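Engineer: Let's have the full structure, built from the sequences with the hints guiding it.
Okay, here's what each chain looks like letter by letter:
There are 2 protein chains.
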Amino acid sequence: MANLPLHISILGAGNVATHLARQFIKHPDIQLQQMYNRHIHKLKEFESTTEIIDKLEQLKPADIFIIALKDDVIGNVSQRLQTFDNLIVHTSGSVSINALKVKRKGVFYPFQTFSKNKAINNFKTIPVLIEANNTKDISLLKTLGKILSDKVQIVNSEQRKALHIAGVFAANFVNHLYVEGAKILADNNLSFDLIKPLITEVAQKVQTMPPAQAQTGPAVRHDFNIIANHLNFIKDEDQKKIYKTLTDSIIKNHPKS
Amino acid sequence: MANLPLHISILGAGNVATHLARQFIKHPDIQLQQMYNRHIHKLKEFESTTEIIDKLEQLKPADIFIIALKDDVIGNVSQRLQTFDNLIVHTSGSVSINALKVKRKGVFYPFQTFSKNKAINNFKTIPVLIEANNTKDISLLKTLGKILSDKVQIVNSEQRKALHIAGVFAANFVNHLYVEGAKILADNNLSFDLIKPLITEVAQKVQTMPPAQAQTGPAVRHDFNIIANHLNFIKDEDQKKIYKTLTDSIIKNHPKS
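The listed protein sequences correspond, in order, to chains A and B.
Residue numbers for the first sequence follow this note's numbering, so the first one is 1 and each next one is one higher.
Residue numbers for the second sequence follow this note's numbering, so the first one is 258 and each next one is one higher.
These are calculated hints, taken from the structure and not from any lab test.
You may find that some hints are simply not true.
[Claimed, not checked] Incomplete in silico selection of chain A near chain B, CB under 10 Å: (1) R80; (2) L81; (3) F84; (4) T135; (5) I138; (6) K142; (7) A166; (8) F173; (9) N189; (10) Q207; (11) Q215; (12) H230; (13) N253; (14) P255; (15) K256.
Predicted model only: the values in this text are computed from it and were never measured.
Here a beta-carbon is modelled for each residue, glycine too, at the ideal position from N, C-alpha and C.
Structural biologist: As C-alpha cells, then:
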C-alpha cells in the first residue's frame with residue numbers, strides 16, 4: 001500500500017486536468033503537489049491551493065504524475081520525465097499505454113465528459129478505468145481511483161479504445177443530434193426548452209432498460225409514410241443525410257417481425 | 258369554460274393512449290368515460306376504472322374524444338365519429354389537424370416518448386401542444402392540458418411537424434446511438450453500465466447550456482488522427498457510416514477558429 005496522502009502532480013490545464021484537480025484538492029488523502037502548464041495563467045484557479053509551474057524542470061518527485069495533455073504531445077512530454085522513478089500516467093481514451101516513454105507507466109481514464117464551466121454532481125459514480133504494467137502500479141492507481149470513485153476497473157488499451165468510441169457514439173454524436181434538433185426548432189420559432197423533458201426521459205430510460213428495447217419512432221415502426229414526409233420537410237442536406245443514415249440503421253436493427 | 262369534470266373518451270391502447278389514461282384516472286377534474294380498442298384485451302389495465310369497449314358504435318357523447326391510434330387510421334376512424342357534435346382530437350406529431358373529417362377538430366400532442374412499461378416521473382413538466390380551429394375548442398383543450406401539464410402551448414400543424422422531427426433527432430436517433438454504443442461495448446466485453454453516467458451527464462448538460470456549446474470529442478477538436486484511428490477500429494459498415502456522417506456534420510458546424 002502507498003503512504004497516504006498520495007502526492008500527485010498534474011500536467012495540463014484542460015477539462016480533464018481541471019476536474020481532476022478540483023477533486024484532488026477536496027480529498028485529505030490526496031496532496032495535489034504541483035500543476036504544470038506552458039501557459040501558467042490557465043492554472044490561475046489553483047494558485048492558492050497548489051504550486052503552479054510552467055516549466056517541466058520545476059517538477060518535483062511525486063507518487064504519480066498525471067499527464068492530462070492533448071493526445072499528440074503525451075509521448076514527447078513523457079520523454080522529458082524519464083529521470084523520475086515515479087509512476088507516470090495519461091488520461092486519454094485513445095492513446096496506448098506504450099505511448100509513454102518512461103519506466104513506470106499507466107493510464108488513469110475517468111470516463112465522463114468534462115466542461116470546465118459545468119460542475120460534476122457526483123464523481124463517485126464516474127467509472128475510472130486504469131491500466132499499468134505491474135501489480136504495484138495497479139495497486140497505486142486503484143488506491144487513487146477509489147478515493148475519487150466507486151467504480152474503478154482495470155481495462156486494457158484495446159478495451160479503453162472501444163470504450164472511447166462507444167462514448168463518441170453515445171455522448172459526442174448524441175450531443176450533435178441535440179444541436180441539429182435545436183436548429184430545427186429555432187427555424188420554426190420553437191423554443192429548445194420544449195425538447196428538454198424528452199432528452200431527459202430518453203437518457204433516463206436506458207438507465208434501467210436496454211436501449212434496443214427502448215427504441216421508439218417512425219423508423220422502428222417501419223412507418224415509411226412519415227419517414228418520406230419528414231425527409232420532404234427537412235431542407236438542410238446534412239440533416240437529410242443524418243436522417244437517412246440513422247433511419248436505415250434503425251430499420252436494419254429492427255427487421256419487421 | 259367547460260364544466261368540470263371533463264368527460265373524456267380515448268380511442269386506442271398504445272403507448273400514448275395508455276399514458277394519457279393513467280393520468281386521467283388520477284385527476285378528479287377528469288372523468289375518463291370510455292376507452293375503445295378493436296382488441297379489447299389490450300385495455301384490460303383499465304377495466305376496473307372505466308368502461309372499455311371494442312365497437313365504435315358503443316361510444317357515448319363526451320366533451321372530448323381523443324384518437325390515439327396509428328397515424329394512418331386517424332382519418333378513417335374520425336369519419337365514423339361524424340355524428341358527434343363534440344370535440345375530436347388526435348395525438349400525433351405528424352398528422353395535420355385536417356386529417357380529422359369532423360366538424361370540431363383539434364390536436365392534443367404530449368411531447369414525450371412513452372413506453373407502457375416505463376412510468377413517467379412528472380407529467381407536469383411535459384409540454385402539451387394543442388391546436389384547434391376556434392377559441393372555444395382552444396379553451397377546452399387548454400383546460401384539459403393544464404390539468405396534466407404546466408407547459409401547454411398552441412402550435413400549428415407545421416410547427417408540430419418540426420417539433421416531431423426535432424424529437425426524432427434528439428430522442429429516436431439518440432437512442433439508436435445508445436444502441437450502437439452498447440454493441441461496441443458488448444463486442445469488447447465491457448458492461449453497458451460503464452457508459453450510463455456519461456449518457457446522463459450529456460443529457461443534463463443541455464438542460465442549462467446550449468448544445469452547440471456543450472459539444473466535445475475528436476470531431477469538434479478536428480482531431481483527424483483519432484478519427485482515422487476510430488474508423489480503423491470500427492468493423493461494422495453501418496457504424497462506420499454513422500461515424501463518418503456525424504463527424505462530417507460536427508466539423509461543418511464547428512469550422513476551425
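Engineer: Are any of the numbered hints broken by this structure? If so, which, sorted upward?
Structural biologist: 1, 2, 3, 4, 5, 6, 14 and 15
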